[in-house]
Amino acid sequence: MTDHENAYSGLVEADSDARWAFGTGFDDPLAGIDASVPPGIDGGRLAAYCLVLGDDSLVMAQRLIQWCTRAPELEEEVALANVALDLLGQTRLLYARAAAADPSSVPALPDGSPVPAEDRLAFFRDPAEFRCVHLVELPDTDFATAIVRLFAFAAWRLALLEALEGSVDPVLAAVAAKAVKEVHYHRDYAARWLVTLAGGTDESRRRTLDAIASTWPYLDELGRADDVSSALLPSGGSADPRAVWSSTRAVLDQVLAAAGVPEPKGAPAGNGDSAGAGPGGRDGRHTEWLEPLLAEMQELARAHPAGRW
Amino acid sequence: MTVQTEQTKQTEQQHFERTIGHEQRIEPRDWMPDGYRRTLVRQIAQHAHSEIIGMQPEGTWLASAPSLRRKAILVAKVQDEAGHGIYLYSAAETLGVDRQDLTEQLIDRRQKYSSIFNYPTLSYADVGTIGWLVDGAAICNQVPLCRSSYGPYARAMIRVCKEESFHQRQGFELLMTMMTGTDEQRAMVQESVDRWWWPSLMMFGPPDDASPNSAQSMAWGIKRHSNDELRQRFVDMSVPQAEVLGVTLPDPELAWNEERGHYDFGEPDWDELSRVIRGEGACNDERVARRTQAHEDGEWVRAAAAAYAQKQAHPVVEERTA
Chain A
1 MTDHENAYSG LVEADSDARW AFGTGFDDPL AGIDASVPPG IDGGRLAAYC LVLGDDSLVM
61 AQRLIQWCTR APELEEEVAL ANVALDLLGQ TRLLYARAAA ADPSSVPALP DGSPVPAEDR
121 LAFFRDPAEF RCVHLVELPD TDFATAIVRL FAFAAWRLAL LEALEGSVDP VLAAVAAKAV
181 KEVHYHRDYA ARWLVTLAGG TDESRRRTLD AIASTWPYLD ELGRADDVSS ALLPSGGSAD
241 PRAVWSSTRA VLDQVLAAAG VPEPKGAPAG NGDSAGAGPG GRDGRHTEWL EPLLAEMQEL
301 ARAHPAGRW
Chain B
1 MTVQTEQTKQ TEQQHFERTI GHEQRIEPRD WMPDGYRRTL VRQIAQHAHS EIIGMQPEGT
61 WLASAPSLRR KAILVAKVQD EAGHGIYLYS AAETLGVDRQ DLTEQLIDRR QKYSSIFNYP
121 TLSYADVGTI GWLVDGAAIC NQVPLCRSSY GPYARAMIRV CKEESFHQRQ GFELLMTMMT
181 GTDEQRAMVQ ESVDRWWWPS LMMFGPPDDA SPNSAQSMAW GIKRHSNDEL RQRFVDMSVP
241 QAEVLGVTLP DPELAWNEER GHYDFGEPDW DELSRVIRGE GACNDERVAR RTQAHEDGEW
301 VRAAAAAYAQ KQAHPVVEER TA
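Keeping their order, the protein sequence lines are chains A and B. Oh and the first sequence: position 73 is 73 in this note's numbering, straight run, nothing missing. Oh and the second sequence: position 2 is 2 in this note's numbering, straight run, nothing missing.
Simulated from the structure, these hints should not be mistaken for laboratory data. These numbers come from a predicted model, not from an experiment. Hints should not be assumed to be uniformly reliable.
Quick look at which bits of chain B chain A covers, simulated, 3 or more residues with Cβ under 8 Å [unchecked claim]:
id	region
1	56–65
2	182–189
3	217–228
4	244–257
Each residue gets a CB set at the ideal place from its N, CA and C atoms; glycine is no exception.
Using the sequences and the accompanying hints, generate a full structural model.
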């Protein structure tokens, strides 16, 4: 904008595309990238795996967005929104990868619908079709639960993404490499707050311990082998959940020790032993909290299946 | 002694007036009249509060934004507003007040925020209309403030205006896109523009002859153009925009006046503006209640951060007392 006195002058210029913050139309997030599936990898399995990873980040982002205008300090408004934005960006890339790897994974809409693949996947699948872990579905009851959950999620996701940098699918490996930098920040942000809250006042310590006690049982699912990951593991496309959990566990222990917090009772064994565990989010079985979260998120998009936004 | 003090004061007053007269900036350590300081605190705080309360009307739509791209854009926009709040509160703090105190004045309703945020957002088109008209009107008001006589405010405004112009573009672009969609979406855009047009015109404040603080603020270089001048500029800019969009503006008196070289337009409902400013708008209570709730819910977190910082700064003392 060269004319500082006239904020409007640029708006009607015909060729002003380059000056818009987010472009002027829908761009395929993978535009210009070779999205062919490498030999030896099953496109359907790769798509299912990318959806799993995208579902985790989308539902986590949706939870973080609920903090908007409710955060304890303005700096936390900015930080939590930032984390949500990063996770939304990861979701878009992962959904785009899924759609390219297996177009049949994308829900069909009436002919001529302009809704792009990533939005069909986000807004036109039912709760049972989502494969996110229960950890991201939990509602936040206070800032301590938000921080504890974000810390556990980010520590786990970072370990997962670091493993995926070595995926034989170059697109997934590139998406992971980009996301690693972001999630590093998320993990450090949440870990710093966890240590602060645990070492702050009596009240903040009590809330932190309560949050850890209520969140920790949901970590059990993170270290379990699941069908989607297992199907892709032999071809080198996915990460081994048990190895990822083992790296995650080391970080959790380190930060809890720094916070002076004892190992919570009922902490997951972390040995990948799923014996006795019921079906989880990866099997399409969810907590009672996912359905209302998705209903709110999807309502408007579903009301306009032929809409352009 | 008294004579000397009187002389010093006169010199300072002259220095202040010379600085203003030469269009130079007053900086935090410079002497300034109490009234100048008070006016600036009031204006900057009100502006900061508006950014923070202004997160709410659009924030309502974050959870149900209709595409991932729109969700990301809206999160980024609302996040920018929190950022604007932060640096405007910082600019106010250079005048000797603090953010905590200003926030308490907001939730006690001793300080105001822009009345536009007391209107509800009823459809997703409102996200676009707020960007186009509300942020557009805000830019008209704010671009001249980049030349405000108070340095920290002027510098904060340069950054705010740059980001606001992105906000305005995303709003206009959303409306443009919706206009290429379904009939239902086009109707949604028109309905939204019908609701926001008049409140947007009111954002420039009451007419000049009924604006009590304007003259002094203009003399001090805190304010650069009169309310009516800015309102006219906004109308002149918006009409061609509306034509490009393909929407009508809900004012039968709107017409180009060749002689004046401006658009003529109807009189906003000033009684409505007074009602909203008095706190009788659709969402006044809801907005302040939400901000109050967030502030109160966050009290234990801020206390924890302060206690933790204190312990880190004085670890030995802490060990002894523990």
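We went through each hint and held it up to the structure:
{"no.": "1", "hint": "56–65", "result": "holds (count 6)"}
{"no.": "2", "hint": "182–189", "result": "holds (count 3)"}
{"no.": "3", "hint": "217–228", "result": "violated (count 0)"}
{"no.": "4", "hint": "244–257", "result": "violated (count 1)"}
Hint compliance for this structure: hints 3, 4 are broken, all remaining hints hold.
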